[in-house]
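Student: Sequence:
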Amino acid sequence: MQVRVIDQACQGHGLCRLSAPDLFFAREEDGNAYVKDENVPPGREEDAQLAADSCPELAIEVS
47 MQVRVIDQAC QGHGLCRLSA PDLFFAREED GNAYVKDENV PPGREEDAQL AADSCPELAI
107 EVS
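Each step along the sequence shown adds one to the number in the working numbering, with nothing skipped, and position 45 is 91.
Rather than coming from a laboratory, the hints here were simulated on the basis of the structure. This one's a predicted model, so the numbers in the text were calculated from it and none came from an experiment. Glycine included, every Cβ here is placed at the ideal spot set by N, Cα and C. Since no wrong hints were added, every one of them can be taken at face value.
Estimated spans, in silico, between C-beta atoms of each pair:
(1) Gln57 / Val108: 14 to 22 Å
(2) Gly89 / Gln54: 29 to 37 Å
(3) Lys82 / Leu61: 16 to 24 Å
(4) Pro87 / Leu64: 12 to 20 Å
All chains should be modelled from the sequences, with the hints used to inform the complete structure.
Tutor: Here you go:
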């Protein structure tokens with residue numbers, strides 16, 4: 047599974063970081079989320095999907 051943050055849509059709410067703090071991080075300059083690695087580690091698929099489902103801006107894509 048892969049996950050990515052759509053930078054133009056992210057508003058920095060931080061719900062993804064609450065769902066999966068080791069997958070999603072906040073940029074210092076604007077607080078928007080990013081991922082260090084688009085490849086979701088085995089066993090973390092549900093957390094990545096929960097983060098995507100929790101995003102009020104629908105700024106997280108999983109595939």
